[in-house]
Amino acid sequence: MKSPARRDFLKGSTALAGALVISFWLPGGGGRRAFAQQAPAAVSPNAFLRIGKDGTCTVMVKHLEFGQGVTTSLPMLVAEELECDWSRVRAELAPAGAEYAHTMFGMQMTGGSSSVVNSYDQLRTVGAQARTMLMQAAADQWKVKLADVRAEKGFVVGPGGKKLSYGQLAEAASKVPVPQKVALKDPKDFKLIGKPMRRLDSLEKVNGKAVFGLDVQRKNLHTALVAHPPVFGARPRSFNTDKVKAVPGVTHVVELSNGVAVVGKSFWAAKTGRDALVIDWDLGPNVAVSTAALGKQFRELAKTPGKVAKKSDNPEAIKAAVKTVVAEYEVPYLAHAPMEPLNCTLEVRADGAEIWVGSQFQGVDHLAAAKALGLEPAKVKMNTMLAGGGFGRRANPVSDYIIEACQVAKDIKVPVKVVWTREDDIRGGYYRPMYVHRVEAGVDAQGKIAAWNHVIVGSSIVGGTPFEAMMVKDGIDPTSTEGVADSPYDIPNMNVTLHTVPTGVPVLWWRSVGHSHTAFVMETMMDELAAAAGKDPVAFRREMLAKHPRVQRVLDLAASKAGWGSALPQGRGRGIAVHESFGSVCAQVAEVSLEGGAVKVHRVVAAFDCGRVVNPLTIEAQLQGAIAFGMSAALFGQITLKDGRVEQSNFHDYPVLRMNEMPRVEVHLVPDGDRPTGVGEPGVPAVAPAIANAMFALTGKRVRALPLSGTKWA
Amino acid sequence: MSKFHVNGEQVEFRGVADTPLLWVLRDHLSMTGTKFGCGMALCGACTVHINGEPARSCVTPASTLEGKRVVTIEGIVGTTQGRVARAVQAAWVEKDVVQCGYCQSGQVMAATALLSKNAAPSDADIDAAMSGNICRCGTYQRVREAIKSASSSLKKA
Chain A
1 MKSPARRDFL KGSTALAGAL VISFWLPGGG GRRAFAQQAP AAVSPNAFLR
51 IGKDGTCTVM VKHLEFGQGV TTSLPMLVAE ELECDWSRVR AELAPAGAEY
101 AHTMFGMQMT GGSSSVVNSY DQLRTVGAQA RTMLMQAAAD QWKVKLADVR
151 AEKGFVVGPG GKKLSYGQLA EAASKVPVPQ KVALKDPKDF KLIGKPMRRL
201 DSLEKVNGKA VFGLDVQRKN LHTALVAHPP VFGARPRSFN TDKVKAVPGV
251 THVVELSNGV AVVGKSFWAA KTGRDALVID WDLGPNVAVS TAALGKQFRE
301 LAKTPGKVAK KSDNPEAIKA AVKTVVAEYE VPYLAHAPME PLNCTLEVRA
351 DGAEIWVGSQ FQGVDHLAAA KALGLEPAKV KMNTMLAGGG FGRRANPVSD
401 YIIEACQVAK DIKVPVKVVW TREDDIRGGY YRPMYVHRVE AGVDAQGKIA
451 AWNHVIVGSS IVGGTPFEAM MVKDGIDPTS TEGVADSPYD IPNMNVTLHT
501 VPTGVPVLWW RSVGHSHTAF VMETMMDELA AAAGKDPVAF RREMLAKHPR
551 VQRVLDLAAS KAGWGSALPQ GRGRGIAVHE SFGSVCAQVA EVSLEGGAVK
601 VHRVVAAFDC GRVVNPLTIE AQLQGAIAFG MSAALFGQIT LKDGRVEQSN
651 FHDYPVLRMN EMPRVEVHLV PDGDRPTGVG EPGVPAVAPA IANAMFALTG
701 KRVRALPLSG TKWA
Chain B
1001 MSKFHVNGEQ VEFRGVADTP LLWVLRDHLS MTGTKFGCGM ALCGACTVHI
1051 NGEPARSCVT PASTLEGKRV VTIEGIVGTT QGRVARAVQA AWVEKDVVQC
1101 GYCQSGQVMA ATALLSKNAA PSDADIDAAM SGNICRCGTY QRVREAIKSA
1151 SSSLKKA
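So the protein sequences, as listed, match chains A and B.
Numbering follows the numbering used here, with no gaps: position 598 of the first sequence is 598.
Numbering follows the numbering used here, with no gaps: position 76 of the second sequence is 1076.
Looking at chain A on its own, in the form it has when it is part of the complex (with noise of 0.2 Å):
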């Protein structure tokens, strides 16, 4: 066990000469640990801060940048103790390291909506620390006391106005043991922390220059793609290469235990190389999967009671109801389909590995990718690199395209980077599973909610995951449930059971998880129930969350910036969703009309309270960005699967949102306590009902299954 706090210098490096390195590991315990004991990474700066001589603030970013604004937000709170010069701060990816644990899961790891939550302490801490260290360095130079210096914008200040600054101090500082215990701000204090701070990362994504796993160049770097099979659980029986290796610039042919690599001195050879080839398939148990028979499979089962979530004391209740509303809602597979494809670069060299990829789950893949390459994890250097999105898609428990990469690089003897390309994508499986849910519903004679009964029938996204122990209890994957068994409404008598089906199809976590169905269901009906009852929709909710304020004060604030029960124009309807989800509470009220037979969405009005507010600019950003990624699956997205084939490919049959689907969206912050919780998921949830709710308003017709654009509205 490495002490909890130690500073560390990497020695011989100009660049880190008489740096000031700062690094600690909290002390241990207390959060749910997915893995007891992360490898060590082979070469790590071990810190998280360096101050260099020309003052220079660098913060090692532990979390994956994917958009979500980690390299602005995380040196923020590093920067906010430090009382540093903001203007010399920069951020830099950290690589796969047991220092860069998360400090909630053991691991590290980019999920959750937590990089913020579980770095707030931590960077805080270090930023006091280092300050405090660059603070006594300065008061034993001038012969004072520590309380007789302050620090301010990269100087620290001491009697009579002497200066000296950081850079001048951060060699001296680095010989100052660290502080056990430092005071952190009052927020009242706070100057950073709060307030809009523009991207760091802005001009090298505006010019070209900023580098993704994509973009990694090695010498003599080769492109692989892999032929995956064209049914999941597909094996290649045998295979043909006499054309592929006719194709200039193919160096190599690999087989790997679920595919065909086709390596090239190029990605056009390696495509071309992969198009000439012919793979003879053992297609394996799934060759008679679709999602028709599924979702017929899943709403039988839905008529009876899985394993019990949330049981309430008299199951019978719902007999006194004076009306009862009986609904079944079904939504699909969806893919991430993240701008950057999948992709992983690795050089084995006869000494070790290194790896470069833009990875949520660097802790997992590290140890997968050396078991995969046969080398000891110190052995490989995993470097992180940006990621162009994820949503999920990254932090893949049993690391699919990081494993695949290294089955290719292994015994090719040349640099590679594995290449997926957008149908690979599409098609390759680990989908936001498919769900049925049947709700069972009714109001008393008060117009109150008088019994719940909820049947949720799907995939377990943890199930045969090394978080299955973790997460999974008494049969029940909460990210089956969340959203329903815990929900804020006061619903008395609420049943919820599960049916776990697996079903061959490969899934896995999508930006909001389980609240990604959970909250269309629970809101659209919310929103019967209220019609069922006789009254409005935001007063129906409020009753029912006398004992949430926090709830009902984001539901307010969004119905009366939206202008709600105000008259709307001709032909447009105005719908209201809430939701909580990752520690955070979010509802729109979403304003939509019929276009030619589709569903336009004007504007979106969005509450948010995410608790302290870190940075009001980038939650914004990820509030307008939430509600483009769930209007896309809300309107459009789905994976089906015919005869064991999925049958979407490309942005064509799987489409996005784009700028001319984009609305209007207003993002109204509900500042809250003193620490922060989730923003890069909680905005999704709320969207698809909000809009759906609309549409009923509108058009008065009740929608039970996404995506919208299946339904016919005239």
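Wrong hints could be hidden among the right ones.
[Unchecked claim] Straight-line Cα separation of at most 27 Å, DSS-like style, residue types lysine-lysine; simulated pairs:
id, chain 1, residue 1, chain 2, residue 2
1, A, K163, A, K191
2, A, K175, A, K53
3, A, K561, B, K1148
4, A, K209, B, K1068
5, A, K175, A, K185
6, A, K195, B, K1148
7, A, K209, A, K175
8, B, K1148, A, K600
[Said to hold, decoys possible] A few chain B residues that face chain A, going by a derived Cβ cut-off under 10 Å, partial list only:
id, residue
9, G1008
10, V1011
11, T1019
12, W1023
13, T1032
14, L1042
15, A1045
16, T1064
17, G1067
18, R1069
19, T1072
20, E1074
21, V1093
22, V1108
23, L1154
24, A1157
Read the hints as simulated data drawn from the structure, not as lab findings.
Beta carbons are placed, not taken as given, at the ideal position from N, Cα and C, and that holds for glycine.
Given the coordinates of chain A, assemble chain B onto it according to the supplied hints.
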């Protein structure tokens, strides 16, 4: 073999004639600012300018480029459209547009092409010019604001 110009410099491409310009740029010229997103001209991440017009490099074979002038995100500020491109990039930074950033080379190239022809685009003009450029992070609202901001800064200058 085909001969053409990339960012003002003459290039002789001796590889396979049907190689798309995207991969000529990325694999043969090591210019990775132009991105691969779909390979079917559906997403706009690979947008470059060919003879001053926006084009999807992922479906433009090298063999069709003979004598043409290709401009990429790496070279756009050095061209006759450089003033517009600089205004676009500055507006993108000012409005904090980018998220993951992967599509933004293409967005900047498309917006530069739009503003070069239409100094004061309406919302409908922006929709028409920019709907071919997908952003999965959903930065559209700020892209729209930034185009308007670039437009007004160009008017003032």
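Quiz item: Should the hint that B:W1023 touches chain A count as held when the rule is a Cβ pair under 10 Å?
Solution: holds, 5 Å
Self-check item: Restraint check, 10 Å cut-off on beta carbons, for B:V1108 near chain A
Solution: Holds: closest Cβ of chain A sits about 5 Å from B:V1108, inside 10 Å.
Practice problem: Classify the hint on B:V1093 as holds or violated, based on whether any CB of chain A lies nearer than 10 Å to its CB. | Solution: holds, 4 Å
Quiz prompt | Straight-line alpha-carbon gap A:K175 to A:K185, limit 27 Å | solution = holds, 25 Å
Quiz item: At a threshold of 10 Å, is the proposed contact between B:L1154 and chain A supported by beta-carbon distances?
Solution: violated, 16 Å
Self-check item: Distance restraint between A:K209 and A:K175, which requires alpha-carbon spacing of 27 Å or less
Solution: Answer violated: A:K209 to A:K175 is near 37 Å, above 27 Å.
Quiz prompt | Residue hint B:G1008, partner chain A, criterion CB-CB below 10 Å | solution = Violated, about 16 Å.
Quiz item: Holds or violated: is there a CB of chain A closer than 10 Å to the CB of B:T1032?
Solution: holds, 4 Å
Quiz item: Hey, A:K209 versus B:K1068, does the alpha-carbon distance stay inside 27 Å?
Solution: holds, 24 Å
Quiz item: Holds or violated: A:K561 with B:K1148, Cα cutoff 27 Å?
Solution: Between A:K561 and B:K1148 the Cα gap is close to 25 Å, so the pair holds against 27 Å.
Quiz prompt | Interface hint for B:A1045, Cβ within 10 Å of any Cβ on chain A | solution = OK, holds: B:A1045 within 10 Å of chain A, min 6 Å.
Quiz item: Does A:K163 pair with A:K191 here, judged by a C-alpha cut-off of 27 Å?
Solution: holds, 21 Å
The structure does not agree with the numbered hints 7, 9, 10, 16, 17, 18, 23, 24 stated previously, though it agrees with the rest.
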